[in-house]
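Chemist: So the chains spell out like this:
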Amino acid sequence: MKFEFDEEMWRKALFCARCGSCRTVHAEQIEGLETGLQCPSGTNYLFESYYPSGRSYAAVAFKRGELDWSDRVLDVIYSCTTCGFCQYTCERTNVNKPTDIIRWLRSEAVRAGVGPLPAQRTIIKNLEAYDNPWGQPRAKRTSWTKGLNFKIKDLSQGKEKAEVLLYPGCTYPYDPKIQPVLRYLAALMFDAGVDFGILGSTERCCGSTAFNLGYIEVLEKYGRENIETFHQLGIETIVTPCSGCLNTMKNLYSQMGRCTFQVKHSVEMLADLIREGKLKPRYAIKKTVTYHDPCHLGRHGKIFDAPRTILKAIPGLRFREMNRMREYSFCCGGGGGVRTGKIDFAQATAERRIEEALDTGAEILTTVCPFCSQNFLDYLERSGSRLKFIDLIELLHQSVYGEEGTKKVEGAK
Amino acid sequence: MGLKEVKKKLQDIVGKEWVSDEPVDTIPYSRDLITDGLKAYPERRPDIVVMPGSTPDVQNIMRIANQYQVPVHLIGGGVTLLGGSIPVTGGITVDLKRMKGIQLDRENLTVTVESGVFVTTLTGYFKHLTEKEKIPWRPYFTGAPGGSLNNATNIFQGINKFAGLKYGVGIQNIVSLEIVLPDGSVFNTSGGANLFGVNHWMQGPGPTLTYLPFFALGSFGICTKITWSLYPMPETCQSIWAYYEDFEIATKCLIKLLHREIGRGLFVMPSWTQAAYSAETREEGIRLAKACPKYMLGMGVEGTRRAVAYQSELANRIIRENGGRIAPPELIEVYRGHEQNIKGWGQSNSPRLMRHMGMIMTNMAYLSVDQVPEYVRLCAEGTHKVDAYMNYPEPGFGAVASGPQLYTYQWGHFVIAEFIFAYDHTNPEHCNAVWQCMHNMGAVPWKMGTGPWTLGRDPFVPNLTGNFYETAKKLKNTLDPNNVMNPGIAFTD
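If you're matching them up, the sequences are chains Y and L in order. The working numbering applies: residue 1 is where the first sequence begins, and numbers increase by one. The working numbering applies: residue 1001 is where the second sequence begins, and numbers increase by one.
No lab work stands behind these hints, which were simulated from the structure alone. Here the structure is a predicted model, which means the values were calculated and not measured. Cβ atoms here follow ideal geometry from the backbone N, Cα and C, with glycine treated the same way. Errors might be hidden in some of the hints.
So the derived label-pair ranges between C-beta atoms look like this [to be verified]: (1) L:1107 - Y:383: 34 to 40 Å; (2) L:1323 - Y:11: 53 to 59 Å; (3) L:1043 - Y:225: 42 to 48 Å; (4) L:1017 - Y:68: 20 to 26 Å; (5) Y:343 - L:1432: 19 to 25 Å; (6) Y:262 - L:1017: 55 to 61 Å; (7) L:1098 - Y:312: 49 to 55 Å; (8) Y:358 - L:1056: 29 to 35 Å; (9) Y:382 - L:1004: 51 to 57 Å.
In silico BS3-like cross-links for lysine-lysine, where the CA-CA straight-line distance does not exceed 25 Å [as the list claims (entries may be wrong)]: (10) Y:153 - Y:264; (11) Y:407 - Y:151; (12) L:1132 - Y:388; (13) Y:159 - Y:125; (14) Y:286 - Y:302; (15) L:1132 - Y:287; (16) L:1132 - Y:286; (17) Y:161 - Y:312; (18) L:1252 - L:1294.
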């Protein structure tokens, strides 16, 4: 897989008119104090180089041989969360692909042996050693299944078969703060009668983190291996709670070769189950809740309605949208390797988003992405904010089984 | 040696993290639409970028610049398209994005904003106030959505000419400015009358200095704060749009409406411009442009519900009696940005400005109403010359399109006229054609009275303006003897 930008795209990058579409939600679409502050890195660092147009100019200068690698160049290109807002607005009308240009710059940095940032290099070492970015043993990948009152099929050997492969990804299983979400999801799927299984400890990373840091070959390796595995096992449907995995398998794997399986985010499946009457949220949650659209689920994955369908199905729940939502949502700050490489920037961005959430009057902030969850949880813990974070799948579980039921599953281990 | 020392001194003023001479940081300031396409300015990087956080920072930067005689250029929101921020002589680029203060004066109904406040931010600020505190007041301003409100990209270029429909052009709604002069001194243009520290008297005891920096393209100083009047939001508003095949008939209708004092913000322009502004995608724009007749008249009506109903009916009748075809409501929907502007919400001169193509407005003239027919005649000549250079099967998309347009922003009786070009700014042939046409059209502003905005844009214009340009230069030399303030932009010689 390569970033094969055609001449037209480079011409547009070269002639970026700096119109500002990549950094501003127009008042016609959404009005608000924050709508001129749409690029997370530009908003944080303010220099033009940290905005998409600045990076486009830098890429062109680099291509022309007018720019050499330096620490500052690396800081500029690795300060992008790859939230994709710039690409969403620019690509439709100007052909330019600012987010892909950043990925191209990162892949060049890796090829030159200068990228990524020092803190981010552990990710690639961990992938080489453990097949996950967090350096955790393969055997612990399934620790979340312990204590569940039902058995999940193991599809890894091809002996057991199921209609759906649940692909938890690398982040939910290894972070104890968000790991219970997998148990809630599995319980909901089981009780709704979904025939599903997992790959257990043989599951490997999808390659998303490597891709976002510029390691294209690593993505290709995982992509090839995973596609082959899915085909060998006859997998037809993959469901993942991770927005990063969804984007990678849905949008990138399809560029690597023929994929006979479909990939869904867990919220799509859960929304369908509610619509079909197989899941019945009956316990009221009398709280005001706001929802954060993860960039990889929303702008990249184009899934906006399913999480809202779930929230609206929960009795008693007062759902309040944030001002910037759906395609115009603001990033949590955790993506694109930023949380690993530049935690202060990641947290500053989380703070901006949480202020927006608080402005809705919400008591609970919810989302469906492990990176967003981690970044928000860290900030809320540090800041002592009155806002509470609960994953959307947990909220649904609470509404289906009541708070007590959820507590039982959370502490199942 | 000099620049290293300057960098160190700038770091002492604003802190190390807000000063950079790294190529990756200076390259993005070196270009925009006008350097790339029209090549009206050469591509040039600043030597140093500095981001002041306050007015005293700006003062100290100017003192350093003057001491070392290093040129200073300005940038605000960073969405400049037309060259005002290109550091054509190198030196220091002062990026004002850190200055984001907004201060509301509830008693005097003004708002004071620092120079890094974006257009959308102030719009959002007032939306927030309306929702949370039920304050039905608005300033009237506009500009590119990501643009900042009061620095090189707006005040100094004069983009705020497109502003409140009811209350006149943007600069007429400003009550005072805080300006840092090239020597580092700071003054408030309402200071003369400002015994109690309130910025609400634009004239001062005289002479009136508030208008000094407008259209001067940052040549006289750096505007660090701007104070706007607030006005009540109308109870309701409505857009009226009509189509014409002929520019002359449309302008006659416009004058009739002006004479009856109906509506706000009347304009006549080529229909493809609004198609381009309004479309969500390039394809949609082409479809809309092809579906449109050649010219359109637009206007806003606002006030009480009863007044809006009465004026709309009257306007519709006048339009119909004068050769216009009223646009259907479903088409008006795509122009909702205009209505937002009337209400004071949208605060932008077009819903999706500049997203599909390079576009440049040029050869601006300020006309009295009785001059309009002559302008129309000259434009017809000019259009003929333009047609000799251009060929546009699909107006505005993939080819050059052009046309005259007229704006009015108050009751009666003057009109801003200009010629608009849309072209593929990545195509050298288009750029050359536009450049040639701008030269050929030079006769229009010369005959009709030159708008100051063109002063810094069209190199041939200073030769046409008599002693106006020479007088402005004298003032410049007095305020900025070392010519450090945005040299080479407004005063090109």
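Chemist: Taking each numbered hint in turn, which are not upheld by the structure, reported in ascending numerical order?
Modeler: 2, 5, 6, 7, 9, 13, 14 and 17
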